[in-house]
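Asks: Sequence:
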Amino acid sequence: MFNYFYLIRAIRDINSLLRQKEEIDEFLKLPVKGRAWYVIDFQWWNKWCTYIESATGGDSLDVASDDYPGEVDNTSLLANDGKLKPNLLREQDITLIPEEAWSLFVNYYGCVHTDTSVFRRVSIPTPSGHTVEIYPPCFIFRDVDTDQKYFEGTYSEAQTIGELKAIIRKNLQINDSRTVHLFVGDPLEELSEDDATIGEASVERQKVSLIPLAMHSK
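Residue 68 in the working numbering sits at position 68 of the sequence shown, with consecutive numbering throughout.
Careful, some of the hints might be misleading.
Unchecked claim - Now the in silico label distances, taken between C-beta atoms and shown as ranges:
| id | residue 1 | residue 2 | range |
| --- | --- | --- | --- |
| 1 | Ser202 | Glu152 | 16 to 22 Å |
| 2 | Glu190 | Lys33 | 28 to 34 Å |
| 3 | Glu152 | Ala196 | 19 to 25 Å |
| 4 | Ala36 | Gly162 | 24 to 30 Å |
| 5 | Lys29 | Val106 | 18 to 24 Å |
| 6 | Asp194 | Gly82 | 33 to 39 Å |
| 7 | Ala36 | Asp145 | 34 to 40 Å |
Honestly, the hints are just simulated from the structure, not real lab data.
Every residue gets a Cβ at the ideal spot worked out from N, C-alpha and C, and that includes glycine.
Please take these sequences and the hints and turn them into a complete structure.
Replies: Okay, here's the thing in structure tokens:
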């Protein structure tokens, strides 16, 4: 016997999924710069795409349910300390979605552990527009002689050594009568090219780096 109520429910469910897809498509068009972008497991993302395609492409919801992605699960992406594992590849291990899309997914599907959310705000300019840095460099600035910690921060590989020095001057209120010197490595090697970017200087980017600094009178 034809089940009219089942048909109506199925149509409503499919329409809901179509709206969901439309919302996600619009969110993915949002500007990169100045927005929080969340890391999401690429396998989960692929399963969601397959589920939406099956459910809205003519398959019955019963068939599509085999592809239901379940709760958002980023646990395989995280190390024991809760931070993102190193060397994960974009569009192979992970993909990035804006905060609005992350919130929609968590609202619709739930999240295995809410503390597995990982987001990035640092973006760098490229010829085709801004792109999100998955592993932005994080530095702790210390005194080269006393090892006193001054401050720490997350930066961009596109920033220059000169810009880092300007940030140090501002944070430590250093006047122009003193010069700032940055060092890396063991033994220490000075970062003397102010126009070089952090990326060009090959400063370690996948973990917090200790950046000794010295301040001398001119």
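Asks: Return holds or violated for the Cβ distance of glutamate 190 and lysine 33 against the range 28 to 34 Å.
Replies: Hint holds: Cβ distance 32 Å, inside 28 to 34 Å.
Asks: That 19 to 25 Å hint for glutamate 152 and alanine 196 (C-beta), does it hold up?
Replies: With a Cβ separation near 21 Å, glutamate 152 and alanine 196 satisfy 19 to 25 Å, so the hint holds.
Asks: With respect to the beta-carbon atoms only, verify the hint that alanine 36 and glycine 162 lie 24 to 30 Å apart.
Replies: holds, 28 Å
Asks: Honestly, do alanine 36 and aspartate 145 meet the 34 to 40 Å range at C-beta?
Replies: With Cβ atoms ~38 Å apart, the hint holds.
Asks: Can the suggested window of 18 to 24 Å be confirmed for the beta-carbon pair lysine 29 and valine 106?
Replies: holds, 20 Å
Asks: Taking the beta carbons of serine 202 and glutamate 152, is their distance inside 16 to 22 Å?
Replies: holds, 20 Å
Asks: Between aspartate 194 and glycine 82, does the C-beta distance stay in 33 to 39 Å?
Replies: holds, 35 Å
Of the numbered hints stated above, none is contradicted by the structure.
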